[in-house]
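*Asks:* These protein sequence lines map, in sequence, to chains A and B.
For the first sequence, position 7 (counting from the first letter as 1) is numbered 7 according to the UniProt record's numbering, and the numbering increases by one without interruption.
For the second sequence, position 114 (counting from the first letter as 1) is numbered 114 according to the UniProt record's numbering, and the numbering increases by one without interruption.
Treat the hints as calculated values from the structure; they're not laboratory data.
Don't take every hint at face value.
Quick partial rundown of chain A residues pointing at chain B, CB under 7 angstroms, derived from the structure [stated by the list, open to error]:
| hint | residue |
| --- | --- |
| 1 | T329 |
| 2 | N351 |
| 3 | V356 |
BS3-like, lysine-lysine: derived pairs with alpha carbons at most 25 angstroms apart [said to hold, decoys possible]:
| hint | chain 1 | residue 1 | chain 2 | residue 2 |
| --- | --- | --- | --- | --- |
| 4 | B | K37 | B | K434 |
| 5 | A | K179 | A | K37 |
| 6 | A | K258 | B | K125 |
| 7 | B | K51 | B | K145 |
| 8 | B | K251 | A | K323 |
| 9 | A | K251 | B | K323 |
| 10 | B | K99 | B | K125 |
| 11 | B | K251 | B | K125 |
| 12 | B | K45 | B | K251 |
| 13 | A | K323 | A | K113 |
| 14 | A | K258 | B | K99 |
| 15 | A | K125 | A | K99 |
| 16 | B | K399 | B | K179 |
| 17 | A | K125 | B | K258 |
| 18 | A | K179 | A | K51 |
| 19 | B | K45 | B | K56 |
| 20 | A | K213 | A | K86 |
| 21 | B | K258 | A | K323 |
Beta carbons are placed, not taken as given, at the ideal position from N, Cα and C, and that holds for glycine.
There are 2 protein chains.
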Amino acid sequence: MTRSTIDQFNRRDLIRGAAMLGAGAALASPFGAFAQKGGFDDVRKAAEAGKEASVKRIRDWVALDSIAAENRNMPEGAAYMAELIKDAGFSGVQIVPTKGHPGVFGTLDAGAKRTLGLYFMYDVKQYDAAEWTSPPLDCRMVDRKGLGSVMIGRGTANHKGPEATFLAALHAIRAAGRKLPVNLVFLAEGEEEIGSPNFRQLATTPNVLAGLKRCEGIMMPTAMADLEGNATIELGAKGIIELELVASGEKWGRGPRKDVHSSLKAALDSPAWRLVQALQTLVSPDGNTPVIDGWFENVRPLTDREKALIREATRHSSEAQLKEALSFTHWIDNLSYEDAMIRLMQEPTVNIEGLVAGYTGPGGKTILPGRAVAKLDLRLVPNQTRTEAVGKLRAHLDKRGFNDVELNVSGGYDPTETSETSSLTRAEVATYRKLGVRPNLTPRLAGSWPGGTFTQPPVSVPVGRFGLGYGGAAHAPDEFYLIDSVNPKVAGLVDATMAHVEFLHMLVST
Amino acid sequence: MTRSTIDQFNRRDLIRGAAMLGAGAALASPFGAFAQKGGFDDVRKAAEAGKEASVKRIRDWVALDSIAAENRNMPEGAAYMAELIKDAGFSGVQIVPTKGHPGVFGTLDAGAKRTLGLYFMYDVKQYDAAEWTSPPLDCRMVDRKGLGSVMIGRGTANHKGPEATFLAALHAIRAAGRKLPVNLVFLAEGEEEIGSPNFRQLATTPNVLAGLKRCEGIMMPTAMADLEGNATIELGAKGIIELELVASGEKWGRGPRKDVHSSLKAALDSPAWRLVQALQTLVSPDGNTPVIDGWFENVRPLTDREKALIREATRHSSEAQLKEALSFTHWIDNLSYEDAMIRLMQEPTVNIEGLVAGYTGPGGKTILPGRAVAKLDLRLVPNQTRTEAVGKLRAHLDKRGFNDVELNVSGGYDPTETSETSSLTRAEVATYRKLGVRPNLTPRLAGSWPGGTFTQPPVSVPVGRFGLGYGGAAHAPDEFYLIDSVNPKVAGLVDATMAHVEFLHMLVST
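Kindly produce the complete structure, drawing on both the sequences and the hints.
*Replies:* What follows is the structure in structure tokens.
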């Protein structure tokens, strides 16, 4: 568990957490550490010359907030994504329709022998501007002590900043008059933040699928660095299902179909109590272990190698700082740090994201609600599948008589796994090592991304998230991405750009 | 269960419900039925002459919305209440401070032998203007088919309209040059809609208490009529406790103190699951019977007389119309109408008014919430008390290890009971009968009002809600109060005013 993982998890305290961690970073080393370790001086010069254009590229993109959950700027976001990759040298760029919001597909034929796939998202998470210290679409630059100059804006870290950093590498390579060492196949979706409900449709669109199958690996540019010279490589990710369980008088045929005066509870059934009773059958009394019938049937326990990787990662991070940053004091069952990290990656979860019923404002209101909703996310581990899990949850509820409780899945996908020995992973490891960054292998991300669509048939290609650069407060107020670093252990925009240049070349030599 | 009870319960469909019921009312009888049955022709003339002033009195009062839950216009509302009763002839009018919002006290010494107490509320329920068909403070007049001309506004029915109708009676008696047959003691609070948290303090303020103890009964003016010539007399009301149960990482010392990324569920406890587990210990699996330890210890079963009253009331109403108006199809346990009505009045309840945790907006958001809240109301029946119930709930949770789950009571009071043989009740019955209205005695209101503060020591005075007039959609959009009736079975403003005139005189002759 590295510090970058703190940031990945942290939603509210990230600024404080980053400042705290940054304050501990030594500033003794000379700046330019990454430049000394890398190569491609001509490309670096081009990247430096293009830095202001790169910053503007992020800024302009952030200004167009595509939010699938709010159906906001979606066609505009797809069109903008298409222009961005055309500008970076892609051809045959297409807006690919889905049942939901469209994807964007394109290829860049460098005449190379090998082909890398790229996965981008052009959507961003919802935001409440009132919670931000600067307007979320304005990309103001702010100095962070011990870190450098960061850009504040929705999507700067997740994922427009890191994605634009990859595009900056393509621009720099071209500006330096070099050819790309690999061909590229590009696929972006606009529904990542709502659980990628139509991503499989997108990836299996015939020409898209044909393109993806030519790739030896598919990479998502991400800011994977922490503040102490480590970068995480995930060998997989949990799957996820986001859903609502809804109990209502309408479907139940008992209790009121609408909110009525609460005195009627003495004679009418309550959909809210119905929901509570259905919910409590899903987990153990401590709320920590799913007890849905057959849930663990296909769960593959972590291997000894995977546990060893977790233990190794745990040794390179501070439990105390993690607890402080994430505002908690005890792990489940008071586990040790090491065991908690193993549990974190090993276990499937049934989590309550939200509860909504009846009156939710200040104080009370004497109503018997006609409808109650629990928003759940279920994290899946190999070899669970989304289809299996939804079916088992439905059957579990039905078996206990909760046939009336609606199960509305809004999105989700299977877990994903990529071998430690794939060329993609080996190139990632080698690039980080060359740049003096410690590659921190973890068996899987406890969170989720829809890489499973790539690793499973019919695509069946290894995936990985890669990139230096540093950002945080994803999904939270004051999301940020580091532009100019004053911390020699952390790459700013140009060094992060160069890491992609190194990676593209490393891939062909691995 | 009468039609007025439908309206009392109905929150959304009231307009439709009223129209539906009104459509069935015969219009064959001549208007002025109430005038023919009543007396006091000189006072009636004065009431008719003062009608426009009475309408304006309601309108101006509604324009000043005092909402305790929002701390809105509270001192202004108390001052306005004080002016209204001075204007109606009260003297020694005081604003009485409490720990919360102030009350208003005053007396009217008519030199009579007997004294009646009055309970008013000057606060109104919250509203969302967007849900209304006309601005909630504008008091627009609208024609309702089969009913007449109604005034639409927040507080018109609950309770400014009925209260102003009583004040109109005092104005009319004075205008006719008559003396009041009884002395009056007046007490108003501004916190009825938040569960009267400081009403006991108000009622036991020494001079207020002394005034109340002089009364032979305390009456709350209310629109108690239905559309078919019945008026309900409640011989009591359930008590209520409004509270929040809060599970949080902060208090629990487990799970996060703030919202964190939901992937952490695999290693962190969940306050939301904690809440669900605590909640489900409170009721039977069907959600219908409280199973809090010792809950029924002091519950007095309904007497045979009380059950007989309920059965009698049930015979005068339509189950089908009730189900339609309140949007449900089955009573608890598929009870018969009669048994459902007995259960309605007999049973204490533990009701979920609202659930709030984590993300409550559209779609999902992958967070593990640091805090989860259930808003509950508990209805109490004789001889439960608020103090007993809060203590038992706390003990129940503690015994099951939920010591960390906060129990925050926002308001509430004990049940209340008034004898069928009190002079107050007898005068109510006699007044209705004289006016040709069928008095519909019910053992108790399934809802609540803080009458228990009056019926219990140290006040120990019978209470009752009384009044003709017709209104509805209390707590709901388009709350209304009938001004000019075209339905001979339903009293408009002047006839409802005259019902109070009759009642005041009936009280001294009963």
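*Asks:* Now, for every hint given, state plainly whether the structure supports it.
*Replies:* Comparing the hints with the structure gives:
1. Among the interface hints, the one on T329 (chain A) holds; its C-beta lies about 6 angstroms from the nearest C-beta in chain B, closer than the 7 angstroms criterion.
2. Of the supplied interface hints, the one on N351 (chain A) holds, with its beta-carbon coming within about 4 angstroms of a beta-carbon of chain B, less than 7 angstroms.
3. Hint status for V356 (chain A) relative to chain B: holds, with the closest Cβ pair at about 5 angstroms, below 7 angstroms.
4. For the suggested pair K37 (chain B) and K434 (chain B), the alpha carbons sit about 7 angstroms apart, so the restraint of at most 25 angstroms is met.
5. With a C-alpha separation of about 22 angstroms, the suggested pairing of K179 (chain A) with K37 (chain A) holds against the 25 angstroms cut-off.
6. Between K258 (chain A) and K125 (chain B) the alpha-carbon distance is near 19 angstroms, which keeps this suggested pair within the 25 angstroms criterion.
7. Annotation: proposed proximity of K51 (chain B) to K145 (chain B) holds, straight-line Cα distance about 22 angstroms (limit 25 angstroms).
8. Simply put, K251 (chain B) and K323 (chain A) have alpha-carbon atoms about 16 angstroms apart, close enough for the 25 angstroms limit, and the pair holds.
9. Using a Cα cut-off of 25 angstroms, the hinted pair K251 (chain A) and K323 (chain B) holds, with the two alpha carbons roughly 16 angstroms apart.
10. Among the hinted pairs, K99 (chain B) with K125 (chain B) is consistent with the structure: their alpha-carbon atoms are about 20 angstroms apart, no more than 25 angstroms.
11. About 32 angstroms separates the Cα atoms of K251 (chain B) and K125 (chain B), which puts this hinted pair outside 25 angstroms; it is violated.
12. At most 25 angstroms may separate the alpha-carbon atoms for a hinted pair to count; K45 (chain B) and K251 (chain B) exceed this at roughly 65 angstroms.
13. Between K323 (chain A) and K113 (chain A), the direct Cα distance comes to roughly 47 angstroms. Violation of the 25 angstroms bound is thereby established for this hinted pair.
14. A hinted pair counts as satisfied when its Cα atoms are at most 25 angstroms apart, and K258 (chain A) with K99 (chain B) does not qualify at roughly 36 angstroms.
15. Simply put, K125 (chain A) and K99 (chain A) have alpha-carbon atoms about 20 angstroms apart, close enough for the 25 angstroms limit, and the pair holds.
16. Distance check on the hinted pair: K399 (chain B) and K179 (chain B) sit about 61 angstroms apart at the alpha-carbon level, beyond 25 angstroms; violated.
17. A hinted pair counts as satisfied when its Cα atoms are at most 25 angstroms apart, and K125 (chain A) with K258 (chain B) qualifies at roughly 19 angstroms.
18. The straight-line distance between the Cα atoms of K179 (chain A) and K51 (chain A) is roughly 20 angstroms, inside the 25 angstroms bound, and the hint therefore holds.
19. At most 25 angstroms may separate the alpha-carbon atoms for a hinted pair to count; K45 (chain B) and K56 (chain B) meet this at roughly 18 angstroms.
20. For the hint pairing K213 (chain A) with K86 (chain A), the CA-to-CA distance comes to about 22 angstroms; that is within 25 angstroms, so the pair holds.
21. At roughly 12 angstroms between alpha-carbon atoms, K258 (chain B) and K323 (chain A) fall within 25 angstroms of each other, so this suggested pair holds.
Going through the hint list in order, the structure does not satisfy hints 11, 12, 13, 14 and 16.
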